[in-house]
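Keeping their order, the protein sequence lines are chains S and X.
Every position in the first sequence, counted from 1, becomes a number in our numbering once 9 is added.
Every position in the second sequence, counted from 1, becomes a number in our numbering once 9 is added.
Just so you know, the hints here were simulated from the structure itself, not pulled from any lab data.
This structure is a prediction, so every number in the text was calculated from the model and none was measured.
Hints should not be assumed to be uniformly reliable.
All copies of an identical chain are treated as equivalent in the list; a pair is satisfied when it fits inside any one copy or across any two copies.
[Claimed, not checked] Here are the simulated EDC-like pairs of lysine to aspartate or glutamate, each with C-alpha atoms no more than 16 Å apart in a straight line:
hint, residue 1, residue 2
1, Lys133, Asp103
2, Lys25, Glu68
3, Lys185, Asp345
Protein chains: 2
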Amino acid sequence: MKDIDRAIKFAAMSIKNDLLLRAAKGEKTSRTPVWLMRQAGRILPEYRAVREKLSGFKELVETPELAAEVTIQPVDILDVDAAIIFSDILVIPDAMGLPYEMIEKKGPHFPNTVASPGDIRKLKVADPSELSYVYDAIKLTKAELDNSVPLIGFAGAPWTIFSYMVEGGGSKTFSKARGMLYTNPADSHELLDMITSTTIGYLKGQIAAGADLIQLFDSWAGVLPPDHYSEFSLRYISRICDSIKEVPITVFAKGAWFALAEMETLSCRTVGLDWNMNPADAKKILPGKTLQGNLDPCVLYGSNEQIEEETRKMLAQFEGHPHIANLGHGVYPDTDPEKVKCFIRSVREFSSR
Amino acid sequence: MKDIDRAIKFAAMSIKNDLLLRAAKGEKTSRTPVWLMRQAGRILPEYRAVREKLSGFKELVETPELAAEVTIQPVDILDVDAAIIFSDILVIPDAMGLPYEMIEKKGPHFPNTVASPGDIRKLKVADPSELSYVYDAIKLTKAELDNSVPLIGFAGAPWTIFSYMVEGGGSKTFSKARGMLYTNPADSHELLDMITSTTIGYLKGQIAAGADLIQLFDSWAGVLPPDHYSEFSLRYISRICDSIKEVPITVFAKGAWFALAEMETLSCRTVGLDWNMNPADAKKILPGKTLQGNLDPCVLYGSNEQIEEETRKMLAQFEGHPHIANLGHGVYPDTDPEKVKCFIRSVREFSSR
């Protein structure tokens, strides 16, 4: 086991296409690296073929061989510069004692939610070993990738995980989760603290298994007022960033335009931008960070000519600043893979120096 | 009829509590006026008592006597400084030939949607008289209000109406509506133009019936990238603002923090802010506009002491700038009316000069 770990670490140091890792460190690269959030998943017929044979989404997440298979699909098919491990941010509440279900075409659902302090007492900081199925998927993926491109590990930011645990699923307003921050700030902090501790152990497990970079997804960042975002979200993101020194970290806080200045102070290397955010402003506000993003995913519904033009515009906006090309949101499930390929080709072609 | 119209116009000039109208004009007022978005509706048991007797939501919207009754309820019960006519922004597509249904606990649903240019050809710019049930509700409300407080009329901004017509209801991503702006910009403009023309006629009908101020709700402003927001939303909001000279206009574009500078150029009097937006920044960006908002609606889940403290903080942030106190979003349906009263009392008390 120790030997395997050492081998993985050595391997990580000699990845053939290391554009992503070098851009994340702020180094100049021969062209802009590119990958897509949600690249492993429903857009690919090859993914749906794997998925159809299974009882449900969780079986795929919890079966390392299959998770590795769908992780590698977009590297082979789309020619992206990184793989991202196929998993779900909700494995964290699951491991803490609050299981989720994934309901087809509707999204996640928690049969039990956190509605009272008593519900928090029933949860635990999960032992990282409970998520070994993810580490196994990472190890298998690393072996199969054979150092061609880096592998991204990930977790949800604590506020986003907290929201799901309190709301029991998605929500138009997230008013239960947001309300709890006013009605019960002490218990909110206790739960956020438990999520954070679990997440740090989990990410260290992912890194030990071979993850070359970590991305934190704060999907519901945009629903909080700025002072609450600072107190109930960034505080915990900051703790995670400070605890992970092994690999570069990317923080993607969707909708948190108001927190960009504070994000410059995080010990992460890269900040992700959604498609609302203006790259020119972000470059000024975040001089010390690599920026990731931020093409509107709806551009991929357009013609190849439109995709080329919008990608060119996007690359020009980030010019002169360390940049990882991506969409400003996860790729939408009804996107034609050929259009994704056009986006990736455009980044490769137009960013070559 | 002419006499009634003249009487209404004279009446509008002599409203007893005219704080809202004076604040909207940028005048100094003895205290900050206050009302709540969605104040007429599900938070009040008196509303639910009216609603329960009916076959559905649309019957309430389309029955002037009942719409007037629930419009006046919050004025009597909550002691707000304005009434807002009880209606729905979706009466516009309905009048254009695309009917909606309101599904209990789920929201609006359109049995038919706009999916192709042919679907646009089937629609029409509605004759304003088709919405006479709203004007009748306004006339009845004005008569019953007896000049105690102003009555706010409203409409959805064209982009938000367009989104519903294309998506057929709410959406997590609005990717169909956003996608159409890339795949079919000419038809998108045609539909937006038809919505805009219908809306202008409709608002003029509301004003003729007695509305003292108009608010435009751009609920889905925040899903567009800044250049699309300017081209496909603000352009049409601007046309509406330029067409309505009779009464002051308020524009509330939820999530459109990136467009505040451009909104300063609109010929509206007031700009609404959601709870994400920083009043200090907004004051600088919008020196010529009255600002409306922006308490986080979740504050009303807190204790009276918290509501008082957060309201005091909010008022202090707007200090020195014309301000209409409100929440940063429609009041959430599970809010205790006593907490709403506490918010309103707090504004009255803490803003008195």
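Okay, the hints, checked on the actual structure:
| no. | hint | verdict |
| --- | --- | --- |
| 1 | Lys133 to Asp103 | within (10 Å within a copy, 52 Å between copies) |
| 2 | Lys25 to Glu68 | neither (32 Å within a copy, 66 Å between copies) |
| 3 | Lys185 to Asp345 | between (36 Å within a copy, 14 Å between copies) |
Hint violations for this structure: number 2 only, all remaining hints satisfied.
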